[in-house]
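Assemble the whole structure, with the sequences as input and the hints as a guide.
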Amino acid sequence: MDWKDRIAELRAEWTGRKVIYQGEQHTVVDVDYNGALLIDRETMYNKTTAIAPYMLDKKEVTQC
936 MDWKDRIAEL
946 RAEWTGRKVI
956 YQGEQHTVVD
966 VDYNGALLID
976 RETMYNKTTA
986 IAPYMLDKKE
996 VTQC
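Residue numbers (the numbering used here): 936 to 999.
It is worth saying that the hints were derived from the structure and are not from the lab.
Among the clues, some could well be false.
[To be verified] No more than 30 Å apart at the CA atoms, straight line, and that leaves these computed lysine-lysine pairs for DSS-like:
1) 939 with 993
2) 993 with 982
3) 953 with 993
4) 953 with 939
5) 982 with 953
6) 982 with 939
[Claimed, not checked] Here are the computed distance ranges between Cβ atoms for each label pair:
7) 937 with 979: 33 to 39 Å
8) 947 with 989: 32 to 38 Å
9) 937 with 959: 30 to 36 Å
10) 939 with 987: 15 to 21 Å
11) 936 with 957: 28 to 34 Å
The structure displayed is predicted, hence computed values, not measured ones.
All C-beta atoms, glycine included, are put in the ideal place defined by N, C-alpha and C.
Printed below as a string of structure tokens:
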């Protein structure tokens with residue numbers, strides 16, 4: 936398995952899930968090429984925020 940396949944697996948696993956980050960619920964919209972989760976939390980320059988899975992407040996995530 937190469938990195939491209941691993942990222943595809945992560946996208947299939949995480950995209951569309953609801954997660955809790957810094958006390959707020961967000962949706963994972965994609966996984967970037969580094970393996971970070973992109974959530975729908977806007978910043979000054981982007982519509983998404985990249986976070987690592989270990990940064991989530993709750994380990995229980997739900998499939999939407």
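We went through each hint and held it up to the structure:
no. : hint                     : verdict
1   : 939 with 993             : holds (27 Å)
2   : 993 with 982             : holds (22 Å)
3   : 953 with 993             : holds (10 Å)
4   : 953 with 939             : holds (24 Å)
5   : 982 with 953             : holds (17 Å)
6   : 982 with 939             : holds (24 Å)
7   : 937 with 979: 33 to 39 Å : holds (35 Å)
8   : 947 with 989: 32 to 38 Å : violated (20 Å)
9   : 937 with 959: 30 to 36 Å : holds (35 Å)
10  : 939 with 987: 15 to 21 Å : holds (19 Å)
11  : 936 with 957: 28 to 34 Å : holds (33 Å)
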